[in-house]
Amino acid sequence: MKRISKKAIALTMAGALALAACGGDDGGTDAPSTDAPATEAPSTEAPTDSDAPTTEAPAPAGWTVDTSECVDPDAANAPIEGTIKIGSAMPLSGSTAAIAFAPVKDGYEAYIDWANEQGILDGVTIEVQIEDDQYNKDLTPGAVEKLLDSGVSLFSGIIGTPNNAAVRDILNEECYPQLFSLTGSKNFGQPEDYPWTTGILIEYSVESRAYAKAISDKFGGSANVALFTVNNEFGQEYVEAFEAVAPDFGISIVAEETQEATDGTPPVSQLNSIASKAPDAIVAVPLGAACAAFLTEVANAKAANPGWSPEIYLTATCSSSLILSLAGANATGLYTSSNLVDVLDPESAALPAVAEYIAYMESLGKGDIITTANAGWHTAEMTVKIIKQAMESPDGLTRASIINAARNFDQTGSLARPGVRLKSVGIEDPFYSESLQIMQYDAETKLFTDIGELITDFEG
Amino acid sequence: MWKIKEGSTQHWALRLVGVAIIFVAVIWVPTQMSTSRIGQFSDAFVLIIAAMSLNLVLGFTGMISIGHSAFFGLGGYTAAILIKDHGWSPGYTFYASAVIAFVAGCVIALPALRIKGIYLALVTLAVAVLFPVLVKWKKLVWLTDGAKGIDSVRYDDLPVWPILGELKGRDGRAVFAYWLAFIVLVVTYLVCRGIVKSRFGRSLVAIRDNETAAAVMGVNVTTAKVLVFGISASLCSLAGVLSTLRTGVITPEGQYVTLLGSIVFLLIMVVGGAGTLWGPIVGGLVYVWLDNTTRGFGSESDGVIGFLFGWADQSPATMILGIALIVIMFAAPFGLVGLIKKVWVKLVVVVPRPAGTSVAMTAVEVGR
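Chains U and H supply the protein sequences, listed in that same order. Numbering-wise, our numbering puts 168 at position 168 of the first sequence, and it's gapless, one number per residue. Numbering-wise, our numbering comes out as the position in the second sequence, counting from 1, plus 1000.
The set of hints was computed from the structure by calculation and includes no laboratory data. Keep in mind the model is a prediction, meaning the values are calculated, not measured. All residues carry an ideal CB built from backbone N, CA and C; glycine is no exception. Among the clues, some could well be false.
Once the Cα atoms are required to be at most 27 Å apart in a straight line, the calculated DSSO-like pairs of lysine-lysine come out as [as the list claims (entries may be wrong)]:
#1 1346/H x 1138/H
#2 213/U x 186/U
#3 85/U x 218/U
#4 1116/H x 1197/H
#5 218/U x 366/U
#6 186/U x 1138/H
#7 186/U x 1197/H
#8 302/U x 277/U
#9 1003/H x 277/U
#10 85/U x 366/U
#11 1084/H x 186/U
#12 85/U x 213/U
#13 302/U x 186/U
#14 302/U x 366/U
#15 1168/H x 85/U
#16 277/U x 186/U
#17 277/U x 1139/H
#18 1342/H x 1005/H
If you want the ones that stay clear, here's a sample from chain H, every Cβ over 12 Å from chain U, calculated [claimed, not checked]:
#19 1004
#20 1026
#21 1046
#22 1116
#23 1117
#24 1146
#25 1223
#26 1226
#27 1302
#28 1320
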């Protein structure tokens, strides 16, 4: 066997890669529908009725998507009949952090089963297929391709910022609605570039603004604040958002400490460093179980520094009593926020829609995960409401009418706090959840107490 | 058992059949399979390239590296930054990544001159752990965008390749990504093969088997080690570029950019067969197939899987994958290629030409 000469290798390599290089981008833009959406009349705020969501008529002259740049415009406008299939990619296996999200799938599927039983969509059966991407963005495109091959009409509730980003281009090019991406990154409110993609979690900047205001009010207009965040995309976006609003509320940030997402050790040195600056308040964005470890270390730091007793503002992602109960008594008195009801609170659990949710989950033998599955139930419910609104629109149920409904939307969810509306008005206001409730936690009763009114200032 | 002479008609026929099978398979995938299958092959190719590059230093030279995820990330970031910030056409970023990673690889190889074995493993471990931290470092945020990473990195318009014609939408992208990954894979294979079969390659094997003896025989150990590490890093970075182009996103948390990536590359190399040219290819295809299959088992699977793993109340994917890999290593301690060779020599033995007429070949050459 002859040895292939080095020259030949070099030539092949150069030749092959030159092929890849030529004809690349000519500075052209791709995002399929960047060109001005057909019509936009955001002033006509579609629904006026506030309490009976299902009777709301879709906006006749709201924002509509431009399908002319789709790969297959006819398919995007083709009627969907009989069965509609929803697809999603979520972490169901893999690392511990990833598995923590697994109950979202259970909640999601439970709602779809429930909706089919109830016949929510008249004459249309809903199917849902959720693929496992292990929270690994390299696996998300494969998962989504598999779903597209199996006839999915829309995507909803894909978990994770990079995971959503990894399929956003292809879904916009192909014109498939990518609803309720479970991320709070402001990158997911770019309807001009990505008309087919929408987000759902509270945008990080909304929460940081609410906290900044609460802290400022509490300390009479000026306060020293320390930030403690997880050192990943989530934490970084949060820090940037808080830094941006802090000056407006007379807040000076005296310390910024981070913790690696993979770091399982308690953040001792970070808290020592924060304590040395003795801030009035700490705004903390830890991840999952690290929320409890953070609270324990705060208690230790307080014990070591008598006289220092900062207010703690914890991000909404920690606001599950399941997580906070891990910190025991150290969690008492902290502030956090949410826009969903606390399903463990007897008062909320008595609300008919919440009771229905709990009863249904228990009937499936999944009563133990109701505090984490609620995100899935909520997302599925809102997705089905969008589909229903699309069905009732003059265009009937098509992929295009689904995204049009999603962008001219104003409804409430059964697990949302009273008064919280998911609202999106064309490309003017692409974010859904912009209202939230600040709450204080009591470790003894394991319940949250509302502090002040529901904040809705940021809507719009 | 069937004995054939090296270079005989039968031998050539056998080779031809092998080549034909591969040729048909390579064409079959993008023309006959579903888009998601094509995508799985592209994913496999990316991992195979990374495992091949690792094989070069670990399998052939015996230098333990668990820092290859850093080179993967370096390639991915080079591509992302050049495309997004500097408007490069994606194709050219392969060259840039290769050059940058080569230099980085050579620099990181310097400690390898003094230390070996488990100590070298520790140094490369540090490289793997350090890379994501470096990317997130505040002073580099202007370049890397920190923890947020860089997104929407891709071919805006697919290049028009003569044979493939105009490619549109996701089907077009999948086919294009397949061929792009395939070409890089072939290039990587040829580089590895070229090295392994050369004088340089034999000096690498000599270093692996006995460094002192190699030095005594006149092998320039310093140059060889640094060079092979650089080349390996360079090849691994190409896999990183492909990964970034496939997903359009690179973040420091990405699985193949962190330590976990190095473990996956190592796994593929070992499962396929370390120190063999075809090992990473077989290992990569098997790994991706296993990974996709196991992830398909939900927590409520029916049948055997549901019966065996239903009690776990969560997706058994990771568990089954782990068990499968252990079983493979148990059945094929020298990797799948080792197993194939073992079976193959029972069927066909290629008798090498007498020494002096050509490069001596082992009986199992056909199996490679």
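Now the hints, each set against the structure:
1. 1346/H x 1138/H: violated, 60 Å
2. 213/U x 186/U: Answer holds: residue 213/U to residue 186/U is near 20 Å, not above 27 Å.
3. 85/U x 218/U: violated, 49 Å
4. 1116/H x 1197/H: holds, 24 Å
5. 218/U x 366/U: The given pair, whose Cα atoms are some 41 Å apart, is violated under the 27 Å limit.
6. 186/U x 1138/H: Judged against 27 Å, a Cα distance of about 20 Å means the pair holds.
7. 186/U x 1197/H: violated, 53 Å
8. 302/U x 277/U: Status holds; Cα separation ~12 Å.
9. 1003/H x 277/U: violated, 81 Å
10. 85/U x 366/U: holds, 24 Å
11. 1084/H x 186/U: holds, 19 Å
12. 85/U x 213/U: violated, 43 Å
13. 302/U x 186/U: Outside the cut-off at roughly 35 Å; violated.
14. 302/U x 366/U: Not OK: residue 302/U and residue 366/U at ~39 Å, beyond 27 Å, violated.
15. 1168/H x 85/U: Cα-Cα ~24 Å, so holds.
16. 277/U x 186/U: Violated, at about 31 Å.
17. 277/U x 1139/H: Between residue 277/U and residue 1139/H the Cα gap is close to 23 Å, so the pair holds against 27 Å.
18. 1342/H x 1005/H: Holds, at about 19 Å.
19. 1004: holds, 15 Å
20. 1026: Since the minimum Cβ distance to chain U is about 14 Å, residue 1026/H lies beyond 12 Å and the statement holds.
21. 1046: Its Cβ does come within 12 Å of chain U, the nearest being 8 Å, so this is violated.
22. 1116: Since the minimum Cβ distance to chain U is about 27 Å, residue 1116/H lies beyond 12 Å and the statement holds.
23. 1117: The assertion about residue 1117/H holds, with a minimum of 26 Å to chain U.
24. 1146: violated, 5 Å
25. 1223: holds, 15 Å
26. 1226: Correct as stated: the minimum Cβ-Cβ distance to chain U is 17 Å, above 12 Å.
27. 1302: Residue 1302/H is indeed farther than 12 Å from all Cβ atoms of chain U, at 15 Å.
28. 1320: At roughly 9 Å from the nearest Cβ of chain U, residue 1320/H sits no farther out than 12 Å, so the non-interface label is violated.
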